[in-house]
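Novice: The chain contents come next:
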Amino acid sequence: MPHPYIPNDHEETIREIMKSIGIKDVEELYSDVPYKIRLKRRMKLPDPHSEMEAKREIERMLRRNSTVKELISFLGAGVWNHYVPAVIDEIVSRGEFLTSYTPYQAEISQGMLQALFEYQSMICELLEMDVANCSMYDWSSSLGEAARMAVRVTGRREIIIPHYISPERLAVLKAYSEPAGIRILEVKQKISDGQIDLEDLKCKVSDKTAAVYVENPSYLGFIIEDVKDISEIIHDADGLFIVGVDPSSLGVLKPPGDYGADIVVGEGQPLGNYMSMGGSLLGIFACRSESRLIRQMPGRIVGMTRTKDGRSRAFCLALQTREQHIRRHRATSNICTNASMTALRAAVYMALLGPEGFKELSEIILSKTYYMIKRLSRIDGVKTPIFKSAHFKEFTVNYDQTSRSVDYVNRELLKNGILGGKPLNSEFPELGETSLFCVTELTSLEEMDRLLSVLEDVLGG
Amino acid sequence: MGEFRQARWVEPLVFEISRESKRGHRFPRMNGLLKAALREALKDMPENLRREKRIDLPCLSEVDVVRHFTRLSQMSFGVDTGLYPLGSCTMKYNPKVNDAVASSDSIRYIHPYQPEETVQGILEIMYTLSSWFAEITGMSKFSLQPSAGAQGELTGALIIRAYHKRNGEGDVRDEIIVPDSAHGTNPASAAMAGFKVIVVPSDMNGCVDIEALKEAVSSRTAGLMLTNPNTLGIFEERILEISEIIHDAGGLLYYDGANINAILGKVRPGDMGFDIVHLNLHKTFSTPHGGGGPGSGPVGVKEHLKDFLPVPLVDFDGERYYLNYDVPYSIGRVRAFYGCVDVLLKAFMYILIMGAEGLEKASEISVLNANFLARKLSEIRGFSLPYGKDKPRKHEFVLSCSDLKHETGVTARNVSKRLLDYGIHAPTIYFPLIVKEALMIEPTESESIESLKEFVNVFAEISNEAYMKPELVLDAPHNTSVSLVDEAAASHPKTMCLSWRMYKSKLLSGERVKG
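Protein sequences appear in the order of chains S and H. Quick note: the first sequence, position 95, residue 95 per the working numbering, numbers continuous. Quick note: the second sequence, position 318, residue 318 per the working numbering, numbers continuous.
Chain S with its partners taken away, still in its complex shape (with noise of 0.2 Å):
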């Protein structure tokens, strides 16, 4: 029986095309490969299944998962649990978007190219950013690329970062950082507030550092304010600053293009995309319209022009020469494959909600951070945020006056179908007994009712 996705599994066409390439057996066009080096066995691997079995199998296996559906959670800390509007998934499935490869050619691509430049156009309204790229696979990878960016445009080998940053975005920096012969420092930041210690920036920043990071808001909520210091500090010293930034919050916080970014990392996920356990997400990329920027900025980067008649407006790729199908190994990146169906994601996401809708997003996130907050701060013994600056989304959540560990309240919480913040006594001894929780539009006052009196109940017992 041929196979539903091979046409020409099929005895008499086989045969047809190996007497036309003259041939009689299959394995003639094998007979290349050495003898000693061929498989002489079949793989071991599962029957063939037919479509019907495949999904029930693969369904059976699922079933093992809870989902966020099922249980009630606060878990954020890079990948975030946001509603992605029907529209999303609709125009994401379109076979025409879906089955297609880097628009290389660009007259039977316009739509992919412009549905991208659209992407960057509308992430720059976002940031206040001239130029961002169409996608990298995620935050950490931007930041990544940002730090090797910074240091090619400078030619200076130090990036400082702040200490309260997800170890695994650190992780992902550290690795692209090492071979490139980077070193990277830690600012202090303040444990009452968690504000950048200028004076320690000052003594930390030379005339050897290509570029000061930091995220607002920071990996444990809080927002960074004294980022126009910050930035004064790192230019006056001819360096560049980096700002990561979880777009959700931009429809209230100032966005990094006004306080003096030059390059513009973050995650992309929150905009119309599912958490799939941490699966594809979306690098954000952007910098400042300068050349000694824009030249050496890694990703594909569409751009609007012409036709060469003149008759209509098109798009295709911009810059290709900064890449490594042209540049090899002198390329700005090695980056190929990228995350243009998030893109497209978030850039049908970022249509359907407008300036209005944007604003709103943040704001009812805001209110239920604060609702929160001041919620479990009621609550004997628990101390929450530890910092005492404003916050957003997320925020540390202390059981150091409970005589409760974090791994024993998340556990009692999960037996009553609730997901804890995520444990940060590992990542920042510093804080004790302390996770990070986390609210977004999707978590309603009923949920969070529902942790309040379970918290209370194992705390209390």
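Hints are computed from structural coordinates only; laboratory data are not their basis. Mixed in with the good hints there might be a few duds.
Covered stretches of chain S (chain H as the covering partner; in silico rule of three or more C-beta atoms under 8 Å from a C-beta of chain H) [what the hints assert, rightly or not]:
(1) 9-20
(2) 29-38
(3) 51-57
(4) 297-304
(5) 328-334
(6) 352-365
(7) 408-422
Backbone N, C-alpha and C fix where the C-beta goes; we use that ideal spot for every residue, glycine too.
Please build the complex by placing chain H on the supplied structure of chain S, with the hints as guidance.
Specialist: The following block gives chain H in isolation, referenced to the frame of chain S:
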């Protein structure tokens, strides 16, 4: 011969169809409690950190958004639209059931930091999938973390770096060898991992020049990056010699899995002597390429390198699946979390449906299809098949239209643009660099004999046109959404326009602007 007409919407940018009065999405209203909390929050927010200016996003209704992007989709072209013989990209059919499964709530609504006991299902799938990849490639252990082929290469190159460092040779072994026919990502990845790139030429057959390789290796050799079959679609017959030369010199062998669709079940990189392998799930394992990504590029290694893999690995202790961070010499991480899990799920479904038998069949037919086209197309006037004349091709081949250019002025670029007029996506062109006027063609196993014959007819027709009425080909494409695009202007500093705001500011400043 039926010609193709692509949709030609005159579709403005989202910004240009914006109307202040419109909304595309509404969130639930905040109740009194939340409104009060918001007031308090805004009071707490330092003045200088509040966004003052409204975001300049467009205002559209939901209807507008759907029509806009639907029209844009109609001006795009995928495997679902037609033949997509883009060499080295393995644009095979993407089974719809895979997308259906990856879209289910039971994967979409999982947070990566959920306790392991709540995600045993997906961990089992990931563990099983890595063991399948190990079997398919002849490796010991796989990491599913890398987001794409190039990130897999970077991971591999970082492993090579860490391995030599561990052996006290980190400072000495600073060279990676790549053949001149290698994918551009190979030298770029090696350079990113801090290596000097040494290029070795191809021989008369388009394979690695063994003598040149012997001369290139030294005590500085960290490794070799190779794809086999190579980018000409020719199997490197002397792979065992190559492997011996590199290993004897103390280097490691890296396998670029971009071309593995040709040899599934026939021969495995592990048995050829490779130490590290990456796979492109968006090529060989049928996951959609999505207009550029996300893909997935798992990396596998032999036993002696498994302690260098990125963390965490997905492991099984006999009772439960877990994330293993205990990898002694790990290179760390190349991205957050555990990989493109949704893409992994699609590849899992594909292997389950194909089985060992189906994967081997896919390879055989992809090779049969490629050889059929290589034979038929090279018989057409103006086209030839350089290198390894008597060698069978594997999944792809590289045609040259050097003669056509010489005789008619029609180039590989012109031919590729004219193909678009017939509703066929262009091949990869001008690659590999060792072939003049190269057209790199990979039909995959997804094409029927009828579609292959049609492709041959179209090529013959284009050849005719080139000799009889070359302007038709030189001015192509004619039937796509737009005619030939001015790509040079898109990159020229004077006319470059990379965002809506750049466009507006150039217009305001009275600069010349394209668009």
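Novice: Now look at each hint and say whether the structure bears it out.
Specialist: A quick look at each hint next to the structure:
no., hint, verdict
1, 9-20, "holds (count 7)"
2, 29-38, "holds (count 9)"
3, 51-57, "holds (count 4)"
4, 297-304, "holds (count 5)"
5, 328-334, "holds (count 6)"
6, 352-365, "holds (count 12)"
7, 408-422, "holds (count 4)"
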